[in-house]
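As they're listed, the protein sequences go chains A and B.
The first sequence runs 5 to 119 under our numbering.
The second sequence runs 33 to 143 under our numbering.
Heads up, some of the hints might be wrong.
[Said to hold, decoys possible] Here are the simulated lysine-lysine pairs, DSBU-like style, with alpha carbons at most 30 Å apart:
{"no.": "1", "chain 1": "B", "residue 1": "K89", "chain 2": "A", "residue 2": "K75"}
{"no.": "2", "chain 1": "A", "residue 1": "K42", "chain 2": "B", "residue 2": "K115"}
{"no.": "3", "chain 1": "A", "residue 1": "K75", "chain 2": "B", "residue 2": "K46"}
{"no.": "4", "chain 1": "A", "residue 1": "K58", "chain 2": "B", "residue 2": "K102"}
{"no.": "5", "chain 1": "B", "residue 1": "K46", "chain 2": "A", "residue 2": "K42"}
If you're looking for bench data, these hints aren't it; they were derived computationally from the structure.
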Amino acid sequence: DQQVKQNSPSLSVQEGRISILNCDYTNSMFDYFLWYKKYPAEGPTFLISISSIKDKNEDGRFTVFLNKSAKHLSLHIVPSQPGDSAVYFCAASPRALFGNEKLTFGTGTRLTIIP
Amino acid sequence: DGGITQSPKYLFRKEGQNVTLSCEQNLNHDAMYWYRQDPGQGLRLIYYSQIVNDFQKGDIAEGYSVSREKKESFPLTVTSAQKNPTAFYLCASSRGGDTQYFGPGTRLTVL
Chain A
5 DQQVKQNSPS LSVQEGRISI LNCDYTNSMF DYFLWYKKYP AEGPTFLISI SSIKDKNEDG
65 RFTVFLNKSA KHLSLHIVPS QPGDSAVYFC AASPRALFGN EKLTFGTGTR LTIIP
Chain B
33 DGGITQSPKY LFRKEGQNVT LSCEQNLNHD AMYWYRQDPG QGLRLIYYSQ IVNDFQKGDI
93 AEGYSVSREK KESFPLTVTS AQKNPTAFYL CASSRGGDTQ YFGPGTRLTV L
């Protein structure tokens, strides 16, 4: 049972435009969410996180939005740059109960930025 | 430079052999983790350790073993009992329950 779902395996966006990556979750115990970026044959790099007490967190070109009632979060990248081309993983944890030891990852979305 | 190192980057083994993957960190992190990634799938947790000399099974621990004798090191052994060992293996560490940071990974291919 996939508790964290990224339904779009791939996404192509024009350079300079907004990239929106989506993630849905089913476990209501999840209260902390993270986005990681991964290049081929490398480890994931932490991008941004959000706690369930917030509905938005911003860091430079990256903004994560959380809609708890819909169990949905999204990552916005504005403006998109060629170096953003990578696979993006959404992850979630029941932090209040178990800390961040039990991260559950989605299957990833491959973002391609078209010059 | 602080970070997490995994060696080797590529590893080939014959079927039926045990193999040990190395993970070292100099971030002074208490917690360390092992994940496995297969094509088209997310990362799945194999084992994790919150403190030296203690570790817990993750979601897919069968066929794997770990040790945590030093804070800096968390080696993973892929045993012959693991049915599908060919995968990309990732090690991570964190300060307690904080954000996990990943190493560069080891691609294991069993022939």
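Going down the list of hints, with the structure as the test:
A hinted pair counts as satisfied when its Cα atoms are at most 30 Å apart, and B:K89 with A:K75 qualifies at roughly 28 Å. Between A:K42 and B:K115 the CA atoms are separated by roughly 26 Å; this keeps the pair inside 30 Å, and the hint holds. For the hint pairing A:K75 with B:K46, the CA-to-CA distance comes to about 44 Å; that exceeds 30 Å, so the pair is violated. Annotation: proposed proximity of A:K58 to B:K102 is violated, straight-line Cα distance about 37 Å (limit 30 Å).
The hinted pair formed by B:K46 and A:K42 meets the criterion: a straight-line CA distance of about 29 Å does not exceed 30 Å.
The structure fails to meet hints 3 and 4 from the earlier list, while all remaining hints are met.
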